[in-house]
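**Student:** Each chain is listed here by its residues.
There are 2 protein chains.
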Amino acid sequence: VTSHATAVYALILAGGAGTRFWPASRADRPKQFLPLLGGDPLLRETVKRILPICGDAAGAGARWDRVMISTNRRLAERTRVILPELATANILIEPVPRGTAPCIGWAAAQLARRDPEAVLMVLPSDHHVADVERFRETVTRAVASAAAGVITTIGIPPTSPETGYGYLEIDAEMAAPVPGAFAGLRFVEKPDRARAEELLAGGRHLWNAGMFFFRACDILEAIRVHLPALGEGLDAIDRAAAAGAEEEAVERIFPTLPAVSIDCGVMERLAGFAVIPGDFGWRDLGTWSSAWELAPKDALGNSSPKGTIVIGAHDNEVVDLRTGGDRRIVALVGVHDLVVVETDDALLLVTREQAQDVRDVVACLKAQGDERFT
Amino acid sequence: VTSHATAVYALILAGGAGTRFWPASRADRPKQFLPLLGGDPLLRETVKRILPICGDAAGAGARWDRVMISTNRRLAERTRVILPELATANILIEPVPRGTAPCIGWAAAQLARRDPEAVLMVLPSDHHVADVERFRETVTRAVASAAAGVITTIGIPPTSPETGYGYLEIDAEMAAPVPGAFAGLRFVEKPDRARAEELLAGGRHLWNAGMFFFRACDILEAIRVHLPALGEGLDAIDRAAAAGAEEEAVERIFPTLPAVSIDCGVMERLAGFAVIPGDFGWRDLGTWSSAWELAPKDALGNSSPKGTIVIGAHDNEVVDLRTGGDRRIVALVGVHDLVVVETDDALLLVTREQAQDVRDVVACLKAQGDERFT
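Note that the protein sequences, when read in sequence, are chains Z and W. Under the numbering used here, the first residue of the first sequence is numbered 834, with each subsequent residue one higher. Under the numbering used here, the first residue of the second sequence is numbered 834, with each subsequent residue one higher.
Hints are computed from structural coordinates only; laboratory data are not their basis. Be aware that a few hints might be false.
Below, computed lysine to any residue pairings styled on SDA-like, alpha-carbon distance capped at 20 Å [as the list claims (entries may be wrong)]:
#: 1; chain 1: Z; residue 1: K1139; chain 2: W; residue 2: I1144
#: 2; chain 1: Z; residue 1: K881; chain 2: Z; residue 2: P928
#: 3; chain 1: W; residue 1: K1130; chain 2: W; residue 2: I1144
#: 4; chain 1: W; residue 1: K1139; chain 2: Z; residue 2: R1205
#: 5; chain 1: W; residue 1: K1139; chain 2: Z; residue 2: A1200
#: 6; chain 1: W; residue 1: K1023; chain 2: W; residue 2: D1096
#: 7; chain 1: Z; residue 1: K1199; chain 2: W; residue 2: D1096
Just need the whole structure built from these sequences, with the hints factored in.
**Tutor:** Next comes the structure, spelled out in structure tokens:
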């Protein structure tokens, strides 16, 4: 079903704020720009992970010209710095934040001008994947499904009743276009705990990993049906682009587009879509608590600097992001389920349970006009 | 009963290690040398508090020549630095740690050579007193009691069932030598929680604040009765002193003296002693948790640097003892009953409940040979 000539592009969504990773993440350096799990910044890890698929659907990939990054003006320079291989034209700058639907639509529109049947892979920039080979296998099948004209997503078989993720309800396995794809029935919003346990027990729901695969023409058609105002805006941008004035048009038109996510605006309204289950050690790095889950830990569950003294303490994470070279001894006595993060200008103490409330710190700092720490 | 000519001396015990205040306290800078409550180091605060009483029993005081500090060789220089008004001869250096009985006995022996009826006030160097005027009133009465030949201590009316303090059981109020003195019946070791609650409810027990008052001749007689080996050692030091060789004798004899506290070795064995109740906001600064109790706190019980962001957090203490001038923003999210202490080379996280286990950190560091942090 897949043409070997199908062009495959990635669009990495990298405009998020990620305030829940304060004080590591800042307004001009959100979490996707941080090496939160060691190694490269999450955004660069994401690009490295998908790059071999960027090419054609047969696997001839690793084409940097087929990687697009969607971000905002504030983060553009930092994006160029951590992805020096990327052409400037491949960085799509939203003039104002309008959710994911307008920026995905814009990328699809650009692509459609060159090749309407090109497949676009839309990926978040801040997720963790443990098994990169299985990830690529799964993505390759999702691309094949998309290339056949089916809007496709990847669903993660849930291992716990997570309340921080959305879910995808699936029906029977589909006969076509690729083996192992299931008919998607609906998107389920982040559930409460009881509902999450039902979803986990029922065996018909997968985690929504926020990864979408479609041909440019297919998503544009869906946008025209479900978000006609966005469709019209994209048409206007197309006309301006034909006249060599795309940048100016985007500047003028973007603020008028409906502010909505692709999930709410399009995906949830589709009559049918495909879900490919993908079991490749996926985690959304949503909070310091999820970073702790992925971090290497001692036998008592502590992730802390080498040489840490531990007395009756368990399940803590101590993150030292100070730039000075002075080594300090860390001692944990009796504390548990804490995250401690220090940077040169901030010290955060948070329970793992309340890790999502770290965003309130940023709100507080802004409210009191202390923007230099945000 | 008190002669106006009675000479009054203070002996401040300042040789302790105080490992429970790590990382602020270090082997060469234990807690009595730290300004743990702001202001001066605790030892200097202690001297300033008692100095007006050092003179004669009538209140003509503030004589630095009547202040003696007992410490060890390692801490002698630091003692001189924080108490520059003190003559070197007034710093008594124990060559080896032998508990409080030998060093108190030695101080009493020195005093007795000049004036056997001089009153010696023995005080810890690391306690907190909120109401200094009432403290001095109480001490003045204790001195009067001691000057009359009664070994006297101060008992603190308990306000909670403390398991970290020893207790003094008292009998009826005594007719003499001073009003408001009670007959001491016995010393009670640190109780468990249930026993502490009994002691508190019974109304016959006071906290032992470790402050003792006696004439030099009286304590020396008690030592001769209850610790004859110490009495003989002190006699030998006296003989050497008469020959101008006290320092050398102390060096030789101290290691042979019984290693025992004045409480266990003498006070608990006395047939009778007086207890003056003293309600002057006393606390033993035993752990970071007690430092938190005394620290100024916000409405939610947090003691933390100015400007701290607090979100659902309560009853924490954050102590920043770094010497660099960089101000950092601190954020507390959801955490409670924690103490966090940072120095240039260490970071401690401890629950208030396990604050006493901080000494195990020091033990650990020593065990692994990391003495530079101890």
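**Student:** Evaluate each hint against the coordinates.
**Tutor:** Here's how the hints hold up against the structure:
1. Z:K1139 to W:I1144: violated (30 Å)
2. Z:K881 to Z:P928: violated (27 Å)
3. W:K1130 to W:I1144: Since the Cα atoms of K1130 (chain W) and I1144 (chain W) sit roughly 15 Å apart, the hinted pair holds (cutoff 20 Å).
4. W:K1139 to Z:R1205: Since the Cα atoms of K1139 (chain W) and R1205 (chain Z) sit roughly 16 Å apart, the hinted pair holds (cutoff 20 Å).
5. W:K1139 to Z:A1200: Status holds; Cα separation ~17 Å.
6. W:K1023 to W:D1096: holds (13 Å)
7. Z:K1199 to W:D1096: violated (57 Å)
Checked against the numbered hints given earlier, the structure breaks hints 1, 2 and 7 and satisfies all the rest.
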